[in-house]
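Trainee: The primary structure of each chain is shown beneath.
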Amino acid sequence: MADLPELRRGAEAPPVIRVRGLVTRFGPQVVHDGLDLDVRPGEVLGVVGGSGTGKSVLLKEILGLMEPAAGRIELLGHDTAALGRSERTALQARTGVLFQNGALFSSMTVAENVMLPLKEHTALPPSLIAEVARVKIAMAGLPPDAGTKHPAQLSGGMIKRAGLARALALDPDILFLDEPTAGLDPIGAAAFDTLIQGLQRSLGLTVFMVTHDLDSLTSICDRIAVLVDRKIRVGTLAQHLADPHPWIHDYFHGPRGRAALDARERTAGPDAALRKAKG
Amino acid sequence: MGLTIRPCSATFPAVLVGVRLSAAGRVAGIVAKEGARIESGPDGNGWRIGVAGRWTLDVAGPAGEALDGMPQPAEETAVRLDLTDVDALDTVGAYLINRLAEGLRAGGHTVETIGLRPEQAALFAAVHDACKVPPRPIEREHHPVIDMVVRTGETTVTAGKELLNLVGFLGLVTVTFARLVVRPSRLRLTSVLFHIEQTGLNALPILGLLSFLIGVVLAFQGADQLKRFGAELFVVNLLGISVLREIGILMTAIIVAGRSGSAFTAQIGTMKVNQEVDAIGTMGLDPVELLVVPRALALMITLPLLAFYADIMGLFGGAVMAYATLDITFGQFIRQLHTAVGINTVLTGLVKAPVFALVIAMVGCYEGLKVSGSAESVGIMTTRAVVEGIFLVIVIDAVFSILFSMLGV
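Protein chains in written order, with the numbering used here: chain B, 1 to 279; chain F, 1 to 409.
Calculated from the structure, these hints are not laboratory results. Quick reminder that beta carbons are idealized off the backbone N, C-alpha and C, glycines included. Keep in mind that the hints are not guaranteed to be accurate.
To be verified - Covered by chain F, according to a simulated footprint, are these stretches of chain B (three or more residues, beta-carbon under 8 Å):
| id | stretch |
| --- | --- |
| 1 | 119 to 126 |
| 2 | 168 to 175 |
| 3 | 195 to 201 |
| 4 | 232 to 245 |
Claimed, not checked - Simulated DEER-style distance windows between Cβ atoms:
| id | chain 1 | residue 1 | chain 2 | residue 2 | range |
| --- | --- | --- | --- | --- | --- |
| 5 | F | 69 | B | 185 | 45 to 53 Å |
| 6 | F | 102 | B | 84 | 39 to 47 Å |
| 7 | B | 149 | F | 69 | 35 to 43 Å |
| 8 | B | 148 | F | 188 | 40 to 48 Å |
| 9 | B | 241 | F | 68 | 51 to 59 Å |
Could you build all of it, start to finish, from the sequences and the hints given here?
Mentor: As structure tokens, this is what we get:
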């Protein structure tokens, strides 16, 4: 782990994720065609796109779960395709993933789920691992007795929080979230957004978030990446609002997009929402 | 800074302990492990703990040890926790420092934290808040013998309840059957035929092969023993009685329990997970009528047929083996078979088939309907259905044997 470069913040810092010329094909169907993407250190990037535009595929390719037909993916300055087994493991320890349905190991308790990466990747004494897992579970906003429960005993929102605690177990530099607020009620979704934002700030995370939740996009994302025409367009919310592309226009100017934007104006930005939620 | 001792250890190469004599003459210490440094000593009227270096996950183990080995202030003192020189901090590091501060506070000292950079302060605050949550109370330990007794009792009660529920389920299915007899138009004929194909027709290759092989093995073992008495021909009697009365039907029931009983549980269980069974209920339909009855009926039709087929294949296997090793021709084999077994022998075997079929279908569907929520429970219930199905088949076979011997069949 020591040979990986330390992260530097700021615009001049190299991107933590750099995708160049990515091509993905399923038989004759081309999903991505020469896709380029940079994710800057310390930002929250929301990734949106219509069904079948390859959001989840892009996430899987960046995580190394799928191999693209062509193109180069760099994570923290390392070409993922060229990495050896041990380097890849070291890199994986610096990324955390929250899957859509939590993907908690159902045979283990929540605490054991959080302890697993700590046991596998560190040489910490067991007592310290248990204490650290307890802290992570608390930081994810779960009650203390949640640690002893099995995933089947948890509600949807608690499963997401437990999955987040596991994703953060190794203090990763990059956090990948796949539809973090899907299936949560609006209050739970807003609380989860606030939680992610708070953790992102205190832990200095870079967040790559695939989402359909317009409220999440408007409230916590620094930049938004839209998958259209087999490529990706990255920009701030204001830039996307001015984009004449028909899908992007419909997405942000449709009734739901309007409602989310109005809500954002009413609460005067994410900071107010955060203060409100905390106060 | 005075004297520095640097012992070299093979396991932790970067251990250095510095000891200095301060102006007041009290011993202060610098402890450093793997890039995490602590300096602890008296400072003016109070006590200063300087934390510096890397406080991250990769060095947290040694860093924790360093904290434990640190010189502690003696009585109630004002402690200044100086974090100015912390280069890298993550959750684990923040947790360790927070634990140190809380430990000192618990010891009656006052602790003031200084020198945190803003982004570190945010992390430190988050960890501090998370640590406020009280640890869960430790569960009371039990005596292992008492635990074992408790488990035995629980298992017994569960098994008893399970059997009772299964009987209840059998009653439910019987009532539904009776309703269908009154109104046969409600019977899902397509579904019944589909399951006849699934459980019967598609099972023919595997069942035929296995029965054939069992016949071969039986004939070979029997021939080996009977040769000693010069009674080779009686291998036909041995085969006829054992295959027709027991082996054929038992093999069929066990294979069907593994093949179709498990499939019933998995099918219904998956529907349960997808809430399809609930949907059936809300549409005013009866899950038992829709899901269980067609399967049970199909299996009760196919299992006797399969058993007969297995009988024939088993005898065929035996005949082939008898011809190959004992030179008993097929003609001789069939003539001897006629004298050895009657129609009653075949029927005593086949009469068990519908009962076995009902048991296998009941257990398969019952366990499937008991699936709750997760995909994991589908797997558990499927395993259970197979084990319970085979268990009950063999138990009922034994009951039949007792019954037949009492009746003198």
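Trainee: Using the beta carbons of residue 69(F) and residue 185(B), state whether their distance is inside 45 to 53 Å or not.
Mentor: 50 Å, holds
Trainee: Okay, residue 148(B) versus residue 188(F) on CB: inside 40 to 48 Å?
Mentor: 46 Å, holds
Trainee: For the stretch 119 to 126 of chain B, count the residues whose Cβ lies under 8 Å from any Cβ of chain F; is that count three or more?
Mentor: holds (count 4)
Trainee: Do residue 241(B) and residue 68(F) keep their Cβ atoms within the hinted range of 51 to 59 Å?
Mentor: 56 Å, holds
Trainee: Is the coverage entry for the stretch 168 to 175 of chain B by chain F consistent with the three-residue Cβ rule at 8 Å?
Mentor: holds (count 3)
Trainee: Is 35 to 43 Å right for how far apart the beta carbons of residue 149(B) and residue 69(F) are?
Mentor: 36 Å, holds
Trainee: Quick check: do three or more residues in the stretch 232 to 245 of chain B have a beta carbon closer than 8 Å to a beta carbon of chain F?
Mentor: Per the Cβ count (0), the hint is violated.
Trainee: Just to make sure I understand the rule, a stretch counts as covered if three or more of its residues have a C-beta closer than 8 Å to a C-beta of the chain. Does the stretch 195 to 201 of chain B meet that for chain F?
Mentor: holds (count 3)
Trainee: Confirm or reject the claim that residue 102(F) and residue 84(B) have a C-beta distance inside 39 to 47 Å.
Mentor: 42 Å, holds
In summary, the one numbered hint that this structure violates is 4.
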